[in-house]
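Chains A and B, in that order, give the protein sequences.
One point on numbering: in this note's numbering, the residue at position 179 of the first sequence is 179, and numbering is uninterrupted.
So the mapping is simple: this note's numbering equals the position in the second sequence, first residue as 1, plus 1000.
Just so you know, these hints were derived from the structure itself, not from any lab.
Just so it is clear, CB atoms sit at the ideal spot from N, CA and C, and this is done for glycine as well.
Heads up, a few of these hints could be off.
Once the Cα atoms are required to be at most 25 Å apart in a straight line, the calculated DSS-like pairs of lysine-lysine come out as [said to hold, decoys possible]:
| hint | chain 1 | residue 1 | chain 2 | residue 2 |
| --- | --- | --- | --- | --- |
| 1 | B | K1066 | A | K27 |
| 2 | A | K116 | B | K1231 |
| 3 | B | K1103 | A | K279 |
Simulated coverage check for chain B against chain A, where a stretch passes if three residues somewhere in it have a Cβ under 8 Å from a Cβ of chain A [unchecked claim]:
| hint | segment |
| --- | --- |
| 4 | 1049-1062 |
| 5 | 1065-1076 |
| 6 | 1152-1160 |
| 7 | 1228-1242 |
Just a sample of chain B residues kept apart from chain A, beta carbon distances all over 12 Å, derived [said to hold, decoys possible]:
| hint | residue |
| --- | --- |
| 8 | R1018 |
| 9 | Q1096 |
| 10 | A1133 |
| 11 | I1148 |
| 12 | L1178 |
| 13 | E1221 |
Now for the letters of each chain:
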Amino acid sequence: MAILVYVEHDNAHLKAENLKLVNAASKLGDELHLLVAGKGCQAIAEQAAKISGISKVLVADNAVYEHQLAENIAELVAELGKDYSHVLAAATTTGKNFMPRVAALLDVAQISDIIKVQSADTFVRPIYAGNAIATVQSEDAIKVITVRTSAFDNQDESGSATVESIDLVKENSLSSHVSAELTKSERPELTAARVVISGGRGMQNGENFKLMNGIADKLGAAIGASRAAVDAGFVPNDMQVGQTGKIVAPELYIAVGISGAIQHLAGMKDSKVIVAINKDEEAPIFQVADYGLVGDLFDVLPELEAKL
Amino acid sequence: MKILVPVKRAIDYNVKVRVKSDQSDVDLANTKMAINPFCEIAVEEAVRLKEQGKAEEVVVVSIGSKACQEQIRTALALGADRGIHIETEQSLQSLQVAKLLKKVVEEEKPDLVILGKQSIDSDNNQTGQMLAALCGMPQGTFASRVVINGDSIEVTREIDGGLQTVAIKLPAVVTTDLRLNEPRYASLPNIMKAKRKPLEVKAAGDFGVELSSKVKLVKVEPPAQRQGGVKVADVAELVDKLKNEAKVI
Ligand SMILES: Cc1cc2nc3c(=O)[nH]c(=O)nc-3n(C[C@H](O)[C@H](O)[C@H](O)COP(=O)(O)OP(=O)(O)OC[C@H]3O[C@@H](n4cnc5c(N)ncnc54)[C@H](O)[C@@H]3O)c2cc1C
Ligand SMILES: Nc1ncnc2c1ncn2[C@@H]1O[C@H](COP(=O)(O)O)[C@@H](O)[C@H]1O
């Protein structure tokens, strides 16, 4: 039986996560079908059809799917999913929102946040903020899975799958979209960036986050934050890196004024190279940092920008 | 309005868990346990709605071993009115928990169920969404703001791109994110009062729900340890190392 993969998009852009998501799905070793659900999403489907290893892209293009609300998207995916061995989505806030509903409708478990495919029924996932790594085996007829995309490589884009419209309209009278307040940024997305520089409570206020702009510009970096910085209102919630925020694994992660609580480490400790800048030489962040610099960030950041 | 709040007993968030040497599971013997932080936020939200006169009753429910009653008492001390303990020694997975909670929903008929978005042990982030689907209810997950508007609620959700506000019809499920509220501390008089609040105990086996899951734990290992690196003397050395040693810039 084939594998169904839910494509992450906002009707205008195909999200970078999809390449990694399909890479994870390709390790299951069967025919791959993508599902693009949304409104006016034909162009997304054409683009998704280029991802290597896909045989078919299904498009459910209808106004009822515009905001990809969990209530009817789950019904759509569950109905299609009945004919598949696996249903996968990225462990983004979209995937986390509707996929457990799909699992419940299919009366199967959901396996959350996998970081490795061991075989078609055995998967590896972090638990306890990444302080333990569990291997789980599922005997469910349909495996419903969310994928931690940061743990997988990008799939090539040299394919040419067929695109097929599906006429399956699930009305939704239970919920409706009211408004969105999206953070606008010219920078790369946190979860896709090659370099991430994050600030913590040590930044003291939102204004001081500007000290990181020049460095981020020079390195092509995304800017992230600890929970303390978000809770204090320095920066928006979507910048939070950690167990309960975004999980990142860039080539280079620079933690500035962040102590290194386990919940923060859970979101960044798989980065290739970690730099910590902190005035407290005992800060736990230094235990995971490849390069630690003990110093006052207000001296270090301007100097770093100048020397890059 | 009646609010049901499922709360989970979980490892204290300050504690770093260890893996058993036989790799069968994590070792929770003598580990400090607490109410899962997201559930504490859920209790706080429900109690605030009651204090604002928008809800009449807040019922908490916890599924697990006898020890869960500690967390139910904590929730009662924070202001919940009564507790239900569904006792089982089996460690249940989210779908099974959601099926038991559905039975409680059928019995209690709450207008709103508020859960945590995630338990910090399994890191599943599933139960609320599963419960909503099983009950045919809408959901407002990862909530940072909840406003009641008659027979519907507006929920502002923390999403990857920022914030989204949805309107959902009651009865509904909400799951809490970190910034929904800041939970209060239970005062000593309230802790004393909580001891006298009603707590009903039921056996999980009596609900007619299949409690075993088709997902088996094969093994649990410690994560790959990072080698602690070096301290650099100054910015110049840092830049040099990043360029010439790590070759990442
Ligand atoms: C349920 C739950 C979920 C959580 N999820 C997350 C999560 O997803 N992500 C997350 O990050 N946290 C999370 N946390 C919070 C986590 O436990 C910590 O509280 C948080 O990470 C601390 O942020 P911080 O390091 O910025 O602040 P602090 O711990 O206060 O550290 C600030 C650091 O800045 C340094 N500093 C101060 N001034 C300067 C200066 N001038 N120059 C240099 N250094 C300076 C200090 O030495 C200190 O080490 C969660 C907590 C709970 C309970
Ligand atoms: N055993 C349990 N008893 C009561 N509530 C639970 C239990 N397990 C999970 N929950 C609820 O579901 C939420 C999400 O848990 P999870 O899906 O396991 O990450 C928790 O914050 C609780 O509100």
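Hint check results:
no.: 1; hint: B:K1066 with A:K27; result: violated, 42 Å
no.: 2; hint: A:K116 with B:K1231; result: violated, 33 Å
no.: 3; hint: B:K1103 with A:K279; result: violated, 53 Å
no.: 4; hint: 1049-1062; result: violated (count 0)
no.: 5; hint: 1065-1076; result: violated (count 0)
no.: 6; hint: 1152-1160; result: holds (count 5)
no.: 7; hint: 1228-1242; result: holds (count 12)
no.: 8; hint: R1018; result: violated, 8 Å
no.: 9; hint: Q1096; result: violated, 9 Å
no.: 10; hint: A1133; result: violated, 4 Å
no.: 11; hint: I1148; result: holds, 14 Å
no.: 12; hint: L1178; result: violated, 6 Å
no.: 13; hint: E1221; result: violated, 5 Å
The structure fails hints 1, 2, 3, 4, 5, 8, 9, 10, 12, 13 (numbered hints given earlier, in ascending order).
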